[in-house]
Every structure is written in structure tokens, then in C-alpha cells.
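When you get a sec, could you build the whole thing from the sequences and use the hints?
Residue numbers (this note's numbering): 41 to 149.
Don't take each hint at face value.
[Claimed, not checked] Heads up, simulated SDA-like pairs for lysine to any residue below, C-alpha to C-alpha not over 25 angstroms straight-line:
hint	residue 1	residue 2
1	LYS104	ASN87
2	LYS104	TRP143
3	LYS67	PRO88
4	LYS122	ARG68
5	LYS67	MET41
6	LYS122	TRP145
7	LYS122	GLY90
8	LYS104	ALA123
9	LYS67	GLY119
10	LYS122	GLY61
11	LYS67	GLU94
12	LYS104	THR56
13	LYS67	GLU131
14	LYS67	TYR121
15	LYS89	GLU55
16	LYS67	ASP134
17	LYS104	GLU131
18	LYS67	SER126
19	LYS104	SER126
20	LYS122	ILE43
21	LYS122	SER100
22	LYS89	LEU66
23	LYS104	TYR48
24	LYS104	ASP76
25	LYS67	TYR81
26	LYS104	GLU55
27	LYS104	ARG133
28	LYS89	ALA59
29	LYS104	PHE69
30	LYS122	GLY103
31	LYS89	TRP143
32	LYS104	GLU86
33	LYS104	TYR121
34	LYS89	GLU116
35	LYS67	LEU82
36	LYS104	ALA53
37	LYS104	GLN124
38	LYS67	ILE132
39	LYS122	TRP105
Derived by calculation from the structure, the hints in this document are not laboratory data.
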Amino acid sequence: MLILHCPYCGVDADETELAAGGEAHLKRFGPGSSDDELHGYLFARENPKGVHLERWRHASGCGKWFHAARCTATLEVFGTYKAQVSGPPQEIRDAISARRPGWSWREFS
Numbered sequence: 041m042l043i044l045h046c047p048y049c050g051v052d053a054d055e056t057e058l059a060a061g062g063e064a065h066l067k068r069f070g071p072g073s074s075d076d077e078l079h080g081y082l083f084a085r086e087n088p089k090g091v092h093l094e095r096w097r098h099a100s101g102c103g104k105w106f107h108a109a110r111c112t113a114t115l116e117v118f119g120t121y122k123a124q125v126s127g128p129p130q131e132i133r134d135a136i137s138a139r140r141p142g143w144s145w146r147e148f149s
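Written out as C-alpha cells, the structure reads:
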């Protein structure tokens, strides 16, 4: 069972209390964007076997959105952090790199 720590209310919530929100740290395109940019935002998603950064909502708790870094193959959780950041905090990057040598953060531009 997947258990994630909510960085807002401090609860360790199992997956039945959470709602998945998809890939984290996507560049969003608004009015005036090209068809290709909008198509990429709506339909092009990473689906890795391995480390993935995801959005989650503590639906049966505080209701807030947060991000989690986890391995999709093993369900290993590297950490969770508040959603109001443009990339994973350094301590999350370090935790991933320590357990997955060679992993690097992909900048979204």
C-alpha cells in the first residue's frame, strides 16, 4: 500500500485518503499559446518506470495539494513537499540521487 506524508497537516495518509493528480511541475500554457504547445500540455506526459514526481491531494484530510517523489516500479517514496514550488527541493533531489545514482532533475522549460 502506498503511504504518503502530507507536508501540510503532517499526517501519513494511505492511498485511500489521497487523490492522484498526475505529473508534477508541468509548464502550463494559456491564451495565445500555439496549438502544438497546448497539445503538448494536454496530452504529452512522462510515464516512466522509475523515479516520478507527482501531484497528490489529501482528499480525506486537509484537502490540500502536494507533490511526491516516488519510484513507480517499487512504490519507494523519496519524500513529499508542498506544491507551491517550481521544482523539487534540494533535500528531495539528494534523497533520490543517494538511492538512484545517475538520476538528474529534468528542467521544464
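Going through the hints against the structure:
At roughly 24 angstroms between alpha-carbon atoms, LYS104 and ASN87 fall within 25 angstroms of each other, so this suggested pair holds. In summary, the hint linking LYS104 to TRP143 is not supported, as the alpha carbons are separated by about 28 angstroms, beyond the 25 angstroms threshold. Between LYS67 and PRO88 the alpha-carbon distance is near 18 angstroms, which keeps this suggested pair within the 25 angstroms criterion. Of the supplied pair hints, the one linking LYS122 and ARG68 holds, its CA atoms being roughly 18 angstroms apart against a limit of 25 angstroms.
Taken as a hint, the LYS67 and MET41 pair is broken in the structure, with Cα atoms around 30 angstroms apart against an allowance of 25 angstroms. Taken as a hint, the LYS122 and TRP145 pair is honoured in the structure, with Cα atoms around 17 angstroms apart against an allowance of 25 angstroms. Of the supplied pair hints, the one linking LYS122 and GLY90 holds, its CA atoms being roughly 21 angstroms apart against a limit of 25 angstroms. For a cut-off of 25 angstroms, the pair hint linking LYS104 to ALA123 stands: about 9 angstroms separates their Cα positions.
Taking the CA atoms of LYS67 and GLY119, the gap is about 22 angstroms. The hint holds against a cut of 25 angstroms. Simply put, LYS122 and GLY61 have alpha-carbon atoms about 14 angstroms apart, close enough for the 25 angstroms limit, and the pair holds. For the hint pairing LYS67 with GLU94, the CA-to-CA distance comes to about 14 angstroms; that is within 25 angstroms, so the pair holds. Distance restraint check for LYS104 and THR56: the Cα-Cα separation of roughly 15 angstroms lies within the 25 angstroms cut-off, and the hinted pair is therefore satisfied.
Between the alpha carbons of LYS67 and GLU131 the distance comes to roughly 22 angstroms, so the proposed pair stays at or under 25 angstroms and holds. With a C-alpha separation of about 18 angstroms, the suggested pairing of LYS67 with TYR121 holds against the 25 angstroms cut-off. Our distance criterion of 25 angstroms between C-alpha atoms is met by LYS89 and GLU55, whose separation comes to about 19 angstroms. Between the alpha carbons of LYS67 and ASP134 the distance comes to roughly 23 angstroms, so the proposed pair stays at or under 25 angstroms and holds.
The suggested pairing of LYS104 with GLU131 holds, with an alpha-carbon distance near 21 angstroms, which does not exceed 25 angstroms. For the proposed pair LYS67 and SER126, the alpha carbon gap of about 9 angstroms is at most 25 angstroms, so the pair holds. This hinted pair checks out: LYS104 and SER126 have alpha carbons roughly 17 angstroms apart, not beyond 25 angstroms. For the hint linking LYS122 to ILE43, the alpha-carbon distance of about 16 angstroms falls within 25 angstroms, and the restraint holds.
For the hint linking LYS122 to SER100, the alpha-carbon distance of about 17 angstroms falls within 25 angstroms, and the restraint holds. Only pairs whose Cα atoms come within 25 angstroms are accepted, and LYS89 paired with LEU66 is accepted, the gap being roughly 18 angstroms. For a cut-off of 25 angstroms, the pair hint linking LYS104 to TYR48 stands: about 7 angstroms separates their Cα positions. At most 25 angstroms may separate the alpha-carbon atoms for a hinted pair to count; LYS104 and ASP76 exceed this at roughly 31 angstroms.
In summary, the hint linking LYS67 to TYR81 is supported, as the alpha carbons are separated by about 7 angstroms, within the 25 angstroms threshold. For a cut-off of 25 angstroms, the pair hint linking LYS104 to GLU55 stands: about 15 angstroms separates their Cα positions. Of the pairs offered as hints, the one joining LYS104 and ARG133 holds, with about 22 angstroms between alpha carbons and a cut-off of 25 angstroms not exceeded. The suggested pairing of LYS89 with ALA59 holds, with an alpha-carbon distance near 20 angstroms, which does not exceed 25 angstroms.
Proximity of LYS104 to PHE69 is assessed by CA-CA distance (about 23 angstroms); at most 25 angstroms being required, the pair is judged to hold. At most 25 angstroms may separate the alpha-carbon atoms for a hinted pair to count; LYS122 and GLY103 meet this at roughly 13 angstroms. With a C-alpha separation of about 13 angstroms, the suggested pairing of LYS89 with TRP143 holds against the 25 angstroms cut-off. A distance of roughly 23 angstroms separates the Cα atoms of LYS104 and GLU86; the hinted pair therefore holds under the 25 angstroms criterion.
Restraint check for LYS104 and TYR121: satisfied, since their Cα atoms lie roughly 11 angstroms apart, inside the 25 angstroms limit. Straight-line distance between C-alpha atoms of LYS89 and GLU116 comes to about 12 angstroms, which keeps the hinted pair within the 25 angstroms bound. Between LYS67 and LEU82, the direct Cα distance comes to roughly 11 angstroms. Compliance with the 25 angstroms bound is thereby established for this hinted pair. Proximity of LYS104 to ALA53 is assessed by CA-CA distance (about 13 angstroms); at most 25 angstroms being required, the pair is judged to hold.
As the CA atoms of LYS104 and GLN124 are separated by approximately 11 angstroms, the hinted pair is consistent with the 25 angstroms bound. A C-alpha spacing of about 20 angstroms is found between LYS67 and ILE132, which places the hinted pair at or below 25 angstroms, so the restraint holds. Taken as a hint, the LYS122 and TRP105 pair is honoured in the structure, with Cα atoms around 7 angstroms apart against an allowance of 25 angstroms.
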